[in-house]
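Student: Residue numbers (the working numbering), protein chains in the order written: chain A, 1 to 269; chain B, 1 to 265.
For the record, the hints were derived by calculation from the structure and aren't laboratory data.
The beta-carbon is built from N, C-alpha and C at its ideal position, and this holds for glycine as well.
There may be inaccurate statements among the hints.
Cut-off 25 Å, straight-line C-alpha distance, at most; resulting in silico cross-link-like pairs (DSS-like, lysine-lysine) [stated by the list, open to error]:
hint, chain 1, residue 1, chain 2, residue 2
1, A, 233, A, 33
2, B, 92, A, 40
3, A, 233, B, 92
Listed below are several chain A residues computed to face chain B (Cβ distance under 10 Å; list not exhaustive) [what the hints assert, rightly or not]:
hint, residue
4, 22
5, 111
6, 127
7, 134
8, 137
9, 139
10, 140
11, 145
12, 150
13, 161
14, 257
15, 260
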Amino acid sequence: MENIAEKTNVQVKEIKAPGRLTRMFLELYEVYKFIGRFFKEAFFPPYEGKELVRQCYDIGYRSLLLISTTGFITGMVFTKQSRPSLAEFGATSWLPSLVAIALLRTLAPLLTALIAAGKVGSSIGAELGSMRVTEQIDAMEVSATNPFKFLVTTRVLASTITIPILTFYTAMIGMLGALLNVYLSEGTSATAFFQSSLESITFLDVTASTVKAIIFGFTIGIVGCYQGYNSSKGTEGVGKAANASVVIGMFLIFIEEVVSVQFFALFRT
Amino acid sequence: MPYSGPDIMEQKTPTKSGLEKVIEIKNLYKSFGVFDVLKGVDLDLYRGENLVVLGKSGTGKSVLIKIIVGLLTADEGEVIVLGKHLEQITYKELLDLRLKIGFSFQNSALYDSMTVGENLKFPLIRNQRKLGKAEVKKAIEEMLDAVGLLNTIDQMPSELSGGQRKRIGIARTLILQPEIMLYDEPTAGLDPITCLEINSLINEVQERFHTSSIVITHDLTCAKAVGNRVAMLLDGKFESVGTFDEVFITSDNRVKPFYEYNFIQ
């Protein structure tokens with residue numbers, strides 16, 4: 001530090017750095033402000049409609065292949081792995097119901113959110129982080145435009161909108177995977193399979209899944225944007241922002257899953 | 001706008017357009033954690049002039065112009081831009097003020113996911129919402145033509161050279177017709193010929209758009225070619241402000257190395 005000060009002629013003074021706990025609370029306060037600003041910018045004009053549509057396309061459409069593959073395999077494998085247990089009780093006819101409930105209540109929302117946290121969260125974190133360190137966000141600020149509205153609001157809204165849609169898409173593809181397995185093993189027809197599986201799904205299942213997916217989508221968007229928008233320290237900062245977007249995003253998704261399962265269990269009794 | 005003039009080392013004289021101050025900085029302090037960077041800076045920018053700010057790396061030159069445009073806030077002191085005290089204005093007033101200030105970044109800061117045309121369109125349509133599509137297109141084409149890069153309108157920033165990126169960056173700020181231009185290291189990392197083109201462009205912007213400018217640079221050729229006045233930032237303060245000769249005809253050992261390095265004496 002002394003050498004840098006000597007070379008640049010800047011004066012160094014003694015300042016006590018805040019402790020870890022203080023830094024954590026300061027960070028939490030920054031997150032709180034960031035979320036507050038999102039709601040303020042999201043509901044007040046002007047709106048960035050065109051960019052929102054572009055982000056929905058980027059987040060949703062471009063994730064379809066990955067989601068489809070993962071969903072199909074999950075449905076098929078889950079059905080195959082569940083069969084022996086049900087067969088012990090002579091209850092293989094319950095397979096469609098079991099798979100439908102498992103997919104809709106937990107597998108589809110969680111799987112979609114985790115894939116999106118990896119793919120979308122890291123992409124948002126890296127993109128915004130890169131824009132921050134190359135001063136593109138500053139350039140938007142000084143041209144009297146609102147980078148938060150253009151970059152953050154649109155991305156968070158897009159992930160909040162598209163993750164629930166992707167969740168139901170994953171559930172549907174997963175059911176197709178399960179159908180293939182059931183058809184190959186028991187020769188069950190598609191009509192019988194879907195009739196049996198749909199009968200077991202309740203309105204509460206659909207509501208709970210939708211709410212969870214909205215929360216997951218919001219989490220992925222806000223974490224990625226917060227990390228990217230506030231990144232620093234050059235390329236290292238961009239890497240950290242991308243990494244933190246995935247790690248923190250996934251961690252929060254698991255916490256939210258546990259809390260939401262407990263919450264919706266209250267309505268199932 | 002390729003460089004064509006022969007007098008690359010001709011020194012500019014102070015402007016005679018009057019003494020109206022567009023920027024006034026009084027007793028400005030700024031520190032980052034344990035580092036005191038600006039330690040009581042006083043500086044005035046007069047209407048119509050190009051003021052060049054020189055100083056060693058890390059002495060706070062870029063910090064100074066970032067404070068002027070509100071990207072950073074001062075710890076102490078007064079910054080008055082076009083009659084507005086920065087420390088007293090609201091965010092809305094700051095946005096209005098930013099419309100009158102153009103900022104050319106050291107690395108151009110072009111939006112790399114947008115084409116050149118979209119880069120210019122971005123601030124224009126968000127600040128002048130009443131403009132029709134045809135008017136926006138015309139404004140973009142005129143501005144690109146003014147910097148001699150109309151043919152790049154559909155290109156991505158990654159396809160441009162360093163000099164082209166600088167010129168597009170300047171065009172993007174000029175499209176909002178600012179009264180003040182702030183250039184951060186406009187010739188950094190460019191070859192000598194492109195540097196001369198950028199110097200020429202800065203002078204043309206001053207004449208054609210009647211802007212008042214602060215130019216941050218290490219390049220004394222640039223300083224001499226574009227600056228009506230030169231200010232030397234030393235030890236967190238402006239120690240020497242005047243014409244190029246007034247600043248560099250000195251025995252100050254902190255200033256002499258700049259001249260000697262640039263002009264190989």
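Student: Taking the hints in turn, state whether each one holds.
Tutor: Hint check results:
Between residue 233(A) and residue 33(A) the CA atoms are separated by roughly 22 Å; this keeps the pair inside 25 Å, and the hint holds. Proximity of residue 92(B) to residue 40(A) is assessed by CA-CA distance (about 15 Å); at most 25 Å being required, the pair is judged to hold. Annotation: proposed proximity of residue 233(A) to residue 92(B) is violated, straight-line Cα distance about 30 Å (limit 25 Å). Of the supplied interface hints, the one on residue 22(A) is violated, with its beta-carbon coming no nearer than about 15 Å to a beta-carbon of chain B, more than 10 Å.
With its C-beta approaching chain B no nearer than about 29 Å, residue 111(A) sits outside the 10 Å limit, and its interface hint is violated. Given hint, residue 127(A) at the interface with chain B, holds; its Cβ is 8 Å from that chain's nearest Cβ, closer than 10 Å. Interface hint status for residue 134(A): upheld, as the beta-carbon distance to the closest one in chain B is roughly 6 Å, under 10 Å. Satisfaction of the interface hint for residue 137(A) is found here, the shortest Cβ-Cβ separation to chain B being roughly 9 Å, below the 10 Å cut-off.
Because the closest C-beta pair between residue 139(A) and chain B is about 4 Å apart, less than 10 Å, the hint holds. Hint on residue 140(A) holds. Least Cβ distance to chain B is approximately 8 Å, under the 10 Å limit. Hint status for residue 145(A): holds, given a least beta-carbon distance of 5 Å to chain B, under 10 Å. Hint on residue 150(A) holds. Least Cβ distance to chain B is approximately 8 Å, under the 10 Å limit.
Hint status for residue 161(A) relative to chain B: violated, with the closest Cβ pair at about 21 Å, above 10 Å. A cut of 10 Å between beta carbons decides the hint on residue 257(A): the least distance to chain B is about 33 Å, and the hint is violated. Restraint check, residue 260(A) versus chain B: the minimum CB separation of about 35 Å is more than 10 Å; hint violated.
This entry does not satisfy hints 3, 4, 5, 13, 14, 15, going by the numbered hints stated previously.
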